[in-house]
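Chemist: Note that the protein sequences, when read in sequence, are chains A and B.
Here my numbering is used: position 34 in the first sequence is 34, and no number is missing along the way.
Here my numbering is used: position 47 in the second sequence is 47, and no number is missing along the way.
Simulated from the structure, these hints should not be mistaken for lab results.
Computed from a prediction, not measured in an experiment: that's the story for all the values here.
Beta carbons are placed, not taken as given, at the ideal position from N, Cα and C, and that holds for glycine.
Careful: at least some of the hints might be erroneous.
[To be verified] What follows is a list of derived Cβ distance ranges for each label pair: (1) A:Ser30 / B:Arg147: 21 to 27 Å; (2) B:Arg170 / A:Ser30: 25 to 31 Å; (3) A:Ala173 / B:Asp134: 48 to 54 Å; (4) B:Arg85 / A:Ala173: 54 to 60 Å; (5) A:Leu53 / B:Ala90: 42 to 48 Å; (6) B:His91 / A:Thr7: 42 to 48 Å; (7) A:Ser30 / B:Asp18: 17 to 23 Å; (8) B:Glu8 / A:Arg178: 29 to 35 Å; (9) B:Lys160 / A:Ala81: 48 to 54 Å; (10) A:Arg27 / B:Pro26: 32 to 38 Å; (11) A:Arg184 / B:Arg85: 58 to 64 Å; (12) A:Ala179 / B:Glu65: 31 to 37 Å; (13) B:Arg89 / A:Leu123: 56 to 62 Å; (14) A:Ala179 / B:Arg147: 26 to 32 Å.
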Amino acid sequence: MDGDHETARRAAKRAYELGRLRAAVLRAASIAVLVAGAAAIAVGMRALALLPLTLLGWVLIEWRGAWLLRGARRGLLAGVAALFLPLSILRPCCATGAVDCCSGSMPPMCAAVGGLLGLSLALLIPRAPGARRAEAALGVALGAASVAALRCGPLLLGEAAGLLGGLTAGVLAASLARAWVDRRHA
Amino acid sequence: MRDPDEDELDRAMARLADGEREAFDPLFRALHPRALRFARARLGPDRAEDAAQAALVKVFSRASEFTPGAAVLPWFYAVAANEIRAVARAHAPRDGVTEEGAESPWAAAPEDPERLLLDSELHEAMERAIADLDEPSAEAIGALLGRAARPAIGEVAFRKRISRAYARLRVLLGGFNGR
Chain A
1 MDGDHETARR AAKRAYELGR LRAAVLRAAS IAVLVAGAAA IAVGMRALAL LPLTLLGWVL
61 IEWRGAWLLR GARRGLLAGV AALFLPLSIL RPCCATGAVD CCSGSMPPMC AAVGGLLGLS
121 LALLIPRAPG ARRAEAALGV ALGAASVAAL RCGPLLLGEA AGLLGGLTAG VLAASLARAW
181 VDRRHA
Chain B
1 MRDPDEDELD RAMARLADGE REAFDPLFRA LHPRALRFAR ARLGPDRAED AAQAALVKVF
61 SRASEFTPGA AVLPWFYAVA ANEIRAVARA HAPRDGVTEE GAESPWAAAP EDPERLLLDS
121 ELHEAMERAI ADLDEPSAEA IGALLGRAAR PAIGEVAFRK RISRAYARLR VLLGGFNGR
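Chain A with its partners taken away, still in its complex shape:
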């Protein structure tokens, strides 16, 4: 009887995960289409080269759901808003008037700006229960990165990674700080 129960439990769990994955692919595809539209308007068609990354990221986010998804939705909104900001604000490493922005110049600056952006994005983290805060923070970072990756498409891989790494580190640092402040006030 226990064996039957366990077999049925495993089959149901597998069905649940597969069902989530199926639904996640559909939802991620609609998000990717919207992001592609925004990126094409703000950056141009070349931004679409990295769209599969956005799609993949959102399949993962939608499949996991819960706090990762709640955070990612906010990150997505921030990312789309950032798409329409002038490059001079987000990318001080660009040479003035450069067509091929950032190529070979000051990649650490991209990471620093990413960190600063991450700190401001940390304000958007949903108020998750303590144990889930890191998940929500990661969601914000992933959501923002899923859009930022398109803008950074023309960059060299190292510079893009610096930006995304800085963004993630910034969000996580601010989230930990907020958790620490909350604990002191609790």
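Dock chain B against the given chain A, drawing on the hints supplied.
Modeler: Chain B only, in chain A's frame:
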């Protein structure tokens, strides 16, 4: 361990739909015996395990489409009934049972305690779905069941209303966004 009440089940399914995996085990523990009871009452003990598993697989594969705020049990029994009927049909030719035979509902006797428990829960699930209907539809179903006076409308209009009420009931029992 205490069996969760219906509101707790509704909340657990809403959490699971949201991606909270912690809600899976309590929900499975609550639904597995119900699926088994239902399958045993409809098909007898031999095929009950397989049919219950098929029903649970179907329920959980669609869990992430569940609309928070909807009632789980009416939807669960609607899905389980479909799966159990499918299992009965699949076995019908081999067992020499006709399609009507497969449709003829119960393997368990009416006084069987498991069936009595199941009947009461099915009844409650249906009442809950009817209570969620809009007023004209609930009135029409009530009249059909002989619990309320028939609304003062013509025969054709009444039949149309019944048909709409059935459609809404199907949506409610579906538990999902209009599906």
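Chemist: Take the hints in turn and mark each one as holding or not.
Modeler: Hint-by-hint comparison with the structure:
Our hint of 21 to 27 Å for serine 30 of chain A and arginine 147 of chain B is violated, since their Cβ atoms are close to 45 Å apart. Distance hint check: the CB atoms of arginine 170 of chain B and serine 30 of chain A are about 27 Å apart, consistent with the given range 25 to 31 Å. Our hint of 48 to 54 Å for alanine 173 of chain A and aspartate 134 of chain B holds, since their Cβ atoms are close to 52 Å apart. For the pair arginine 85 of chain B and alanine 173 of chain A, the beta carbons lie near 56 Å from each other, so the given range of 54 to 60 Å is met.
At roughly 44 Å, the beta carbons of leucine 53 of chain A and alanine 90 of chain B sit within the given window of 42 to 48 Å. At roughly 20 Å, the beta carbons of histidine 91 of chain B and threonine 7 of chain A sit outside the given window of 42 to 48 Å. The given range of 17 to 23 Å is respected by serine 30 of chain A and aspartate 18 of chain B, whose C-beta atoms sit roughly 18 Å from each other. At about 31 Å, the CB distance of glutamate 8 of chain B to arginine 178 of chain A agrees with the hint of 29 to 35 Å.
Roughly 50 Å separates the CB atoms of lysine 160 of chain B and alanine 81 of chain A, a value that falls within the hinted 48 to 54 Å. For the pair arginine 27 of chain A and proline 26 of chain B, the supplied restraint of 32 to 38 Å is violated, since their beta-carbon distance comes to about 26 Å. Between arginine 184 of chain A and arginine 85 of chain B the C-beta distance comes to about 59 Å, which sits within the given range of 58 to 64 Å. Against the hinted window of 31 to 37 Å, the Cβ-Cβ separation of alanine 179 of chain A and glutamate 65 of chain B comes to about 33 Å, which satisfies the hint.
For arginine 89 of chain B paired with leucine 123 of chain A, a C-beta distance near 57 Å keeps the hint of 56 to 62 Å intact. For the hinted restraint 26 to 32 Å between alanine 179 of chain A and arginine 147 of chain B, the CB-CB distance of approximately 56 Å leaves it violated.
The structure fails hints 1, 6, 10 and 14 (numbered hints given earlier, in ascending order).
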